[in-house]
Amino acid sequence: MKTTLILAAMLVLNAASSFAKITVGASLPDFASIASYVGGDNVEAFSIARSTSDPHSVEVLPTYMVRVARADIYLKVGLGLDQWADQIIEGARNSKLKIVDCSARVSVLEKPTRKVDASMGDVHPDGNPHYWLDPANGVLIAETIADALVLVDPEHAEAYRANLERFRSETEQKMSSWKLEADKIANHSILTYHSSWSYFARAFEFNIAAKIEPVPGIPPSASHLALLVNTIRKDKVRVVIQEPYFSDDGANYLARETGVSVTKLSPSCADVSPLHISRILIRYSRHLARCSR
Amino acid sequence: MSFHFAYLKFPLFASACLFFSLAAHAGVTNPDISVIGQMRTFITDDSSDINHDRAQMSFDETELVFDAALNPFARGTFVFAVADEAIEVEEGFLTLNKGLPDGFGLKFGKYRVGFGKLNSVHPHAYPFPERFNVLAAYLPGEESFNEVGGQVSYRIPFPGDVSSTISADILQGNSFHPDEDESRPAVLGRWSNFFMLGEESSIELGVSGTNGVNNVAANTTSTIMGVDAKAKLRFSPQRVLVLQGEALTLDREDATVDEESGAVSTSHVRPIGGYLFADYSIKKRYNIGARMERYQRPDADKAWDQSFGVFAGLALMEETTLFRVNWDHFSPDAEDAVNTFTLQVIFSMGPHKPHQF
Chain D
1 MKTTLILAAM LVLNAASSFA KITVGASLPD FASIASYVGG DNVEAFSIAR
51 STSDPHSVEV LPTYMVRVAR ADIYLKVGLG LDQWADQIIE GARNSKLKIV
101 DCSARVSVLE KPTRKVDASM GDVHPDGNPH YWLDPANGVL IAETIADALV
151 LVDPEHAEAY RANLERFRSE TEQKMSSWKL EADKIANHSI LTYHSSWSYF
201 ARAFEFNIAA KIEPVPGIPP SASHLALLVN TIRKDKVRVV IQEPYFSDDG
251 ANYLARETGV SVTKLSPSCA DVSPLHISRI LIRYSRHLAR CSR
Chain U
1 MSFHFAYLKF PLFASACLFF SLAAHAGVTN PDISVIGQMR TFITDDSSDI
51 NHDRAQMSFD ETELVFDAAL NPFARGTFVF AVADEAIEVE EGFLTLNKGL
101 PDGFGLKFGK YRVGFGKLNS VHPHAYPFPE RFNVLAAYLP GEESFNEVGG
151 QVSYRIPFPG DVSSTISADI LQGNSFHPDE DESRPAVLGR WSNFFMLGEE
201 SSIELGVSGT NGVNNVAANT TSTIMGVDAK AKLRFSPQRV LVLQGEALTL
251 DREDATVDEE SGAVSTSHVR PIGGYLFADY SIKKRYNIGA RMERYQRPDA
301 DKAWDQSFGV FAGLALMEET TLFRVNWDHF SPDAEDAVNT FTLQVIFSMG
351 PHKPHQF
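Taken in sequence, the protein lines are chains D and U. Residues 1 to 293, numbered by this note's numbering, are exactly what the first sequence covers, in order. Residues 1 to 357, numbered by this note's numbering, are exactly what the second sequence covers, in order.
Because the hints were derived from the structure by calculation, they are not lab data. None of the hints are false.
List of simulated lysine-lysine pairs, DSBU-like, C-alpha gap at most 30 Å: (1) D:111 / D:174; (2) U:232 / U:283; (3) D:115 / U:284; (4) U:98 / D:96; (5) U:284 / D:264; (6) D:184 / D:236; (7) D:98 / U:107; (8) U:98 / D:98; (9) U:230 / U:284; (10) D:96 / U:107; (11) U:283 / D:264; (12) D:264 / D:184; (13) U:284 / D:111; (14) U:302 / U:117; (15) D:21 / U:98; (16) U:232 / D:264.
Here chain D stands alone, though its shape is the one from the complex (with noise of 0.2 Å):
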């Protein structure tokens, strides 16, 4: 009898470790919802960051130690933009984390081809980090996941291979339809506030005509306004993509001088699920059509 009890104990246990989901952890919720794409039923994701935070900034909080030290992976968005990740991780105090760095396969934009310092702002030494917006990169991102989804649950590898496929076709299917979509938009010429939206441009063929920020990080002055107020006027842009966690304080005096539209869009999105990556664009195609009727 006890014997037996002894053995169901064994199979329940046994059944229970592999019915175990991989938890992954991400600092951006961009990256937890491709990861929750591609682990499907065996992951559950989260994602340090909100769509709302500035992701270059995010406060080390111990609460999010606690939630790394439960992790079995975590995906870094890379080029110098998440370095305050790394806090997390060394606090998480978790020796079996696998540490991602998504931007593997990238071709970054942006790279500096001199000495990087301070004088020139808040500039990334490897390039421009916020290459999620363009699904090419979503695509590349998803590879680079599923590969260490592999690498720590190769009992699922199959599972894993055949959602990045599924992934890959879908975002492949949806960027003609996506394109489409930016095409309809008239104007192509827009403003940003800071560099996070290089690859969003590229991929939709935006031209981005200027930058609030005259260097990233750093607000911007007077004299750097009314060059701007200018260059609104010559390429006759009409929107203005502005980050909610960044001071509207420039973009609403452009709005004051030329009538430009400001459009708060975060570069993230807010929910966890499956292709937000599609939905974002698609909002954000939308929202720049109607903004530049």
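Place chain U on chain D using the hints.
Then chain U, alone, in the frame of chain D:
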């Protein structure tokens, strides 16, 4: 002649190889280096200050920080305080947070001890220029409670997102008896808890206690107990209110030697006190706040001293350059009040910022 050149070529070549191999690895092994400078202009009506009622300027200690991973499991940090005449190792410690059983952490070296919320923080990271008088009066150490020792900490695996950490330190103990040659160890314990209040705000509660020998010959001890609380209420990405306070009690045994009989008698001093401050970030770059403290002096009279102050800060562009103004009104018991107005400029190079947003 040619033989000599050939002979010399090998060590030159070997040296060159070594140099370039080291240079190639330098980017990997070099620590993050930061320098923080602090300039202060102040005017005080304190009659004990020879320059009272005149503006005075000083360049405070420059902080030099080196920080790097030592290997996949450990990190090393050095903080040097550079003043006019000396360079002092303010902190030098290694932390080990990986490769240990889950939740455990180790720390060894010289470090600002984690008693309460403020002691372990470097003053440039405070929203005001000076630490509270109550901490200076009750905690051992001249500028901070800073000791050589070792710490073991453990994060209790509570369910949910609660972070609860207990730590125990064994310390050299010299800050308790700084003028003595002999050394007696001291101990410290802390329990800190962090909870989220909704999605954006948080509260931290902690209890600390430390005990050390204050007189080696008489074997008398000091025990300090403290409770601390910090609430961080975020109203928007830019507007944040921080409320923080600590209450402390000191139990110090004082030894008195009877000159005639040589007998040693002990007495206890048990003062209490605390501080409270509020710091409100109006926008990312601007903050205003107020601070107050009230405490009994650690002597037989236990007279009450108190101070009140207001402060404001401006980050010029981003986190590297800060301007702070502070007015402080100190009212010692039965003595004239002292007013001090301070303007502080803090600037930093490197990744270690003076006061992170």
